[in-house]
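J.: Heads up: the protein sequence lines correspond to chains X and V, in order.
If you count by the UniProt record's numbering, then the first sequence holds residues 1 to 500, one letter each, in order.
If you count by the UniProt record's numbering, then the second sequence holds residues 1 to 500, one letter each, in order.
Keep in mind that the hints were calculated from the coordinates and are not lab data.
Accuracy of the hints is not assured; some may be wrong.
Identical copies go unnamed one by one, so any copy, or any two together, can satisfy a pair.
Stated by the list, open to error - Each computed DSBU-like pair below joins lysine-lysine, with the alpha-carbon atoms no more than 35 Å apart:
#: 1; residue 1: K69; residue 2: K140
#: 2; residue 1: K242; residue 2: K69
#: 3; residue 1: K49; residue 2: K239
#: 4; residue 1: K416; residue 2: K162
#: 5; residue 1: K49; residue 2: K416
#: 6; residue 1: K242; residue 2: K49
#: 7; residue 1: K162; residue 2: K220
#: 8; residue 1: K140; residue 2: K312
#: 9; residue 1: K77; residue 2: K416
#: 10; residue 1: K220; residue 2: K268
#: 11; residue 1: K488; residue 2: K312
#: 12; residue 1: K416; residue 2: K489
#: 13; residue 1: K228; residue 2: K270
#: 14; residue 1: K491; residue 2: K481
#: 15; residue 1: K268; residue 2: K489
#: 16; residue 1: K162; residue 2: K69
#: 17; residue 1: K481; residue 2: K416
#: 18; residue 1: K69; residue 2: K489
Nothing here was measured: the structure is a model prediction, and the numbers come from that model.
Number of protein chains: 2
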Amino acid sequence: MRTQVSDRAAATCILMLCLVCLHVTALKSQLFTRLGALPYSPEPPVSYKTFYFDQKIDHFGFLEDGTFKQRYLLSDKYWQQPGGPILFYTGNEGDITWFCNNTGFMWEIAEELGAMLVFAEHRYYGESLPFGPDSYSDSKHLNYLTSEQALADFAVLIQNLKGSLPGAQHSPVIAVGGSYGGMLSAWFRMKYPHVVVGALASSAPIWQFTGMVPCGDFYKIVTQDFAKSGHNCDASIRKSWKAINNVSSTVSGLQWLSEEFSLCAPLKNKNDIFTFKSWLQETWVNLAMVDYPYEANFLQPLPRWPIQVVCKYLSFDSAVSDYQLLQGVSQAAKVYYNYTGSSPCLNTSQTATSSLGYLGWFYQACTEMVMPMCTDGVQDMFEPEEWNFQAFSDECYAMFGVRPRADWAGAVYGGKEISSHSNIIFSNGGLDPWASGGVTSNISHSLVSIMIPDGAHHLDLRYSNDLDPPSVRAARALEVKSFREWIKKAKKTHCAAPTH
Amino acid sequence: MRTQVSDRAAATCILMLCLVCLHVTALKSQLFTRLGALPYSPEPPVSYKTFYFDQKIDHFGFLEDGTFKQRYLLSDKYWQQPGGPILFYTGNEGDITWFCNNTGFMWEIAEELGAMLVFAEHRYYGESLPFGPDSYSDSKHLNYLTSEQALADFAVLIQNLKGSLPGAQHSPVIAVGGSYGGMLSAWFRMKYPHVVVGALASSAPIWQFTGMVPCGDFYKIVTQDFAKSGHNCDASIRKSWKAINNVSSTVSGLQWLSEEFSLCAPLKNKNDIFTFKSWLQETWVNLAMVDYPYEANFLQPLPRWPIQVVCKYLSFDSAVSDYQLLQGVSQAAKVYYNYTGSSPCLNTSQTATSSLGYLGWFYQACTEMVMPMCTDGVQDMFEPEEWNFQAFSDECYAMFGVRPRADWAGAVYGGKEISSHSNIIFSNGGLDPWASGGVTSNISHSLVSIMIPDGAHHLDLRYSNDLDPPSVRAARALEVKSFREWIKKAKKTHCAAPTH
Chain X
1 MRTQVSDRAA ATCILMLCLV CLHVTALKSQ LFTRLGALPY SPEPPVSYKT
51 FYFDQKIDHF GFLEDGTFKQ RYLLSDKYWQ QPGGPILFYT GNEGDITWFC
101 NNTGFMWEIA EELGAMLVFA EHRYYGESLP FGPDSYSDSK HLNYLTSEQA
151 LADFAVLIQN LKGSLPGAQH SPVIAVGGSY GGMLSAWFRM KYPHVVVGAL
201 ASSAPIWQFT GMVPCGDFYK IVTQDFAKSG HNCDASIRKS WKAINNVSST
251 VSGLQWLSEE FSLCAPLKNK NDIFTFKSWL QETWVNLAMV DYPYEANFLQ
301 PLPRWPIQVV CKYLSFDSAV SDYQLLQGVS QAAKVYYNYT GSSPCLNTSQ
351 TATSSLGYLG WFYQACTEMV MPMCTDGVQD MFEPEEWNFQ AFSDECYAMF
401 GVRPRADWAG AVYGGKEISS HSNIIFSNGG LDPWASGGVT SNISHSLVSI
451 MIPDGAHHLD LRYSNDLDPP SVRAARALEV KSFREWIKKA KKTHCAAPTH
Chain V
1 MRTQVSDRAA ATCILMLCLV CLHVTALKSQ LFTRLGALPY SPEPPVSYKT
51 FYFDQKIDHF GFLEDGTFKQ RYLLSDKYWQ QPGGPILFYT GNEGDITWFC
101 NNTGFMWEIA EELGAMLVFA EHRYYGESLP FGPDSYSDSK HLNYLTSEQA
151 LADFAVLIQN LKGSLPGAQH SPVIAVGGSY GGMLSAWFRM KYPHVVVGAL
201 ASSAPIWQFT GMVPCGDFYK IVTQDFAKSG HNCDASIRKS WKAINNVSST
251 VSGLQWLSEE FSLCAPLKNK NDIFTFKSWL QETWVNLAMV DYPYEANFLQ
301 PLPRWPIQVV CKYLSFDSAV SDYQLLQGVS QAAKVYYNYT GSSPCLNTSQ
351 TATSSLGYLG WFYQACTEMV MPMCTDGVQD MFEPEEWNFQ AFSDECYAMF
401 GVRPRADWAG AVYGGKEISS HSNIIFSNGG LDPWASGGVT SNISHSLVSI
451 MIPDGAHHLD LRYSNDLDPP SVRAARALEV KSFREWIKKA KKTHCAAPTH
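Could you build all of it, start to finish, from the sequences and the hints given here?
T.: If you want it as structure tokens, here you go:
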């Protein structure tokens, strides 16, 4: 039995892109985190003030009574006080200044709505560390890193702002967030409807949990993006894994691969090949997430519609040799990693930073944010891997000393039974793999889905661009229309209420 | 400064009826707990099965991964499966068998609704002790005693029942609770609307928190109950405190008082007098809570409309002497403590049991359930006492090593801003002091208040009685009508939903 367990653990290690091997990070965790860590600059400079708010470390227990400084950024340049609305970004797993600088949508609509902007940092990320440098030291210090605590932070912060900022007392607040931040904004409206009048949850996979959507949908969307971006593009990538296995089976092949991909550290053994394939898989996923219609500077600078550019190198027919195929894959990878030509070599362990963002999201994935993923190599272009919860759990236990609870997110946030809530917009991009776990059809007249067929990961939250497709322009217009309706209704309710 | 702090602490000690002096329990805590501990027998015998469910000790953190056995009682005698409704009692601060045996309303309507009954015990009470006999040993073990954890217990339990009981998968669940259990049922619907389709919150003072209602309203209602139950009844009690002070100022007076009240332990000093007055104050409050229209056996057996009986002994004019007045008070107290004539003496420390129920509610009052109370001696019949949060906090810290958070309940449960929720009935009795913190007018078409002018504390949840006033009969009928509507709508929604 022990052997079997080990085998299963190993299998999951592949699926999870080796969560416990720090040199390659868990793919599904990675995705979110990457987003938090995008170091590109926003188009116009933004101006805000930075504040710190004393938050309870534990909202749900009274033994730990300490506080920490939660960072938040505030811009009131266009705020029409008293009573002007507040757009509140529910920060996700990264430095809040990144989200602030890169959520152009909020900056672009502040003036027309007369809105104050607030960007609140998520605990355990950026500067908002409950125990300072010790925050990640062990599972005891990590114990307060949960979405529930983060939502409570947001609620307490907003109630404090409304109580302390002159003119804010009756300001309707709207939650805005993307990706995990979008999940938070939706959940925030569900759990604290007395605090926010509505929420925009952009590219928020609130259903990417156990039993809610098929575990293979995520990678199917990635595959579809490549399939439609060039002749045989997905088929070539599907073939590439075996080609890598074939070529890497000899020492000379390993050397050839290392040189062809201009790897900083040459491949030496099976483990390196595993890492190498995980790194490539992650590259294709990232490309799917950031397949934007204009040149942008993300983790790497990229051309417009980057998958189309990548696919130019992957348009092979069935007769292609392993070496020819992998030359194409190499060229394709370099579009992502060396578009500007300034990278002397490619680093397959580059995702293995010690960034708090990464580690924090790992922990969250290992506790509440259990998102089953799988591939079959048929409906997607990846090597087949089943979802193995037990092995995943064992890896989490080895890494953090905690075990994930597969059903908790559904139990606490309602899963698919959310129809009694109101005033949430779920926007999703048709190109975005995370749409797999998103709300992509209307649930009620006030739980609305907006699809952006040509959009990748929360395109609608980005600055507008001349190359934006009409679908994202329409989405933004609809979102602002809903904001106005929520604000109007909130003001009406307030004015009608008796004073007390 | 130290003297001043001591003074303030002493002042609060009076208000709180000496939370830190275990010989007299905190009044406002006491009230709830008493309810949990009512050892009277229900009219018809009830039949249920007892089960235990493995609950996570901590739903909101992953370091503590242990489980405990949560007790719940189940009766499916009248359940129409598949899909028949489930009436779910959200247990409060006491042994669940007490609530089960004494919530006759649920037993009486089970057949007509074809409903299963479930009574879930609140963690840290009855047999549902997260750490067994150590559960109350210190603040570390008490750390998981919160309403949020209790609500999560209920949600997880229901989802498990629906997943495991054949025929229950699509059963609509309705939460029912009284007093603190009513607060839980309302909050349960607010926070877990995907789990319960509606809630009956009977005598649930969800607004008895800081800044929501005047702190003196509670004791005003107690006073009104006495004022309308006999000539000068409230005035006599208002005078009695000074009379006690006067009489007890001499050794012979102390002795007289002890004999007149047939006290088991004679009064000896100022501290005893303080305890004595607290005990009397609590007696009047308890009478107001249980001022039912029929003879009932509560903490003590009582006649119908007990305050009217009590007031017969308190109908004095202004010329009454201190001794005459206190003779009346003594007779009045004996209605409450010795109606059957079987008590050889009265015990002013009788509330100082080591019952877990008491201690648990003390802890909850010292953390989340901070309910400011005050008296002014003018609009109420008690000695004037201001609410002093700091002193209260200091006492909590001395007792449990934790400090209360005055604003948390409002922040997490919405305070008065609950209009976006739905399907909650708030029923309140006009005689019940806890109506002071209740929802006593409609908030929306589906957040409905039902007033029972002649009702004391959650009369509607009790077995029906020939002497029930029409108002409580009408209330119960309205409640059942709403239950039927919620059930009907839930079934419709379920049938209309696509299968997945």
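J.: Okay, which hints does this one fail, numbers in order?
T.: The structure conflicts with hints 2, 3, 6, 8, 11 and 15, although it agrees with all the remaining ones.
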